[in-house]
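Same order as they appear, the protein sequences are chains A and B.
Quick note, in the numbering used here, the first sequence goes up one by one and the last residue is 78.
Quick note, in the numbering used here, the second sequence goes up one by one and the last residue is 358.
Simulated from the structure, these hints should not be mistaken for lab results.
Predicted model only: the values in this text are computed from it and were never measured.
Don't take each hint at face value.
Stated by the list, open to error - For lysine-lysine, the following DSSO-like pairs were computed, each having C-alpha atoms within a straight-line distance of at most 27 angstroms:
hint: 1; chain 1: A; residue 1: Lys58; chain 2: B; residue 2: Lys205
hint: 2; chain 1: B; residue 1: Lys205; chain 2: A; residue 2: Lys73
hint: 3; chain 1: A; residue 1: Lys73; chain 2: A; residue 2: Lys25
hint: 4; chain 1: A; residue 1: Lys41; chain 2: B; residue 2: Lys205
hint: 5; chain 1: A; residue 1: Lys27; chain 2: A; residue 2: Lys41
hint: 6; chain 1: A; residue 1: Lys30; chain 2: A; residue 2: Lys41
hint: 7; chain 1: A; residue 1: Lys73; chain 2: A; residue 2: Lys30
hint: 8; chain 1: A; residue 1: Lys73; chain 2: A; residue 2: Lys57
hint: 9; chain 1: A; residue 1: Lys30; chain 2: A; residue 2: Lys58
hint: 10; chain 1: A; residue 1: Lys57; chain 2: B; residue 2: Lys205
hint: 11; chain 1: A; residue 1: Lys34; chain 2: B; residue 2: Lys205
hint: 12; chain 1: A; residue 1: Lys25; chain 2: A; residue 2: Lys41
hint: 13; chain 1: A; residue 1: Lys34; chain 2: A; residue 2: Lys58
hint: 14; chain 1: A; residue 1: Lys25; chain 2: A; residue 2: Lys58
hint: 15; chain 1: A; residue 1: Lys27; chain 2: A; residue 2: Lys73
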Amino acid sequence: MKAKIAKMGYKNIRVFQKTMSGCYEIYGFTADNKKAEVYFNPVTGAVVEKNVDGE
Amino acid sequence: MSQAWPVAAPGAAAVPPQRIMIWDIVVRVFHWTVVAGVTANLFLAEGSKHAHHRIGYLVLVAVAVRLVWGLVGTRHARFSDFVPRPARLWSYAKALLARREPRYVGHNPAGAVMMIALIVLLAVCGVTGWMQTLDAFWGVPWVQDLHEAAANIIMVLAGLHIFAAVRESVRHRENLIWSMITGRKRASSGSDVDHATASGRR
């Protein structure tokens, strides 16, 4: 899963955790160095929700 | 309330006790800015990031102004007027338990401790909130945890503060909530303490 997320361009991941609902949540940075908090579907790895700085 | 007020002539309204200015405009604006800001950020603006940040910064500015005002402001606004020494706090706490606590015109010693605790927590909450906007502290768990813990403790202490204000209003028969709007309180009389530290220091 971590590798999958890294492949999507997220880097410098500070936090990688499972939320209560079972999603994976990361705090890290996007490829262009924006702060990002992103939730991933634990089965498919699809982005469920993302909060990126300035977006 | 042992001493007599001017006796009213039959049929005329009694002369009300003198009401003097205790909480100056800076203290009152600070108080209600914090009330509005904390309420909004705890219950309304948690989902809206930009509003939450702006409100947080506004409260931080208010705290900074209040800290300076605590040094240079009017008499009852100054920390030197109301921050108690442990012995004074202890004797007040004992009197409180015995339900014989004196009425303070400014902050009573327990209230003073509440002020200090809330100001410190507001500062911690504001600073850790701001830290999360920096790349250096983005997503750092202890910053998030401290921010949340401070916010939750503020919520609990605010509840206690409201309870104490209402209870003290009843005990000393004056509306303290209204006093924080008008700034005026009943002048000291009898066993009331006007200057919190008058007999403690200075």
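Structure-based check of all given hints:
no.	hint	result
1	A:Lys58 - B:Lys205	14 angstroms, holds
2	B:Lys205 - A:Lys73	13 angstroms, holds
3	A:Lys73 - A:Lys25	16 angstroms, holds
4	A:Lys41 - B:Lys205	23 angstroms, holds
5	A:Lys27 - A:Lys41	15 angstroms, holds
6	A:Lys30 - A:Lys41	19 angstroms, holds
7	A:Lys73 - A:Lys30	16 angstroms, holds
8	A:Lys73 - A:Lys57	12 angstroms, holds
9	A:Lys30 - A:Lys58	17 angstroms, holds
10	A:Lys57 - B:Lys205	16 angstroms, holds
11	A:Lys34 - B:Lys205	23 angstroms, holds
12	A:Lys25 - A:Lys41	12 angstroms, holds
13	A:Lys34 - A:Lys58	10 angstroms, holds
14	A:Lys25 - A:Lys58	17 angstroms, holds
15	A:Lys27 - A:Lys73	16 angstroms, holds
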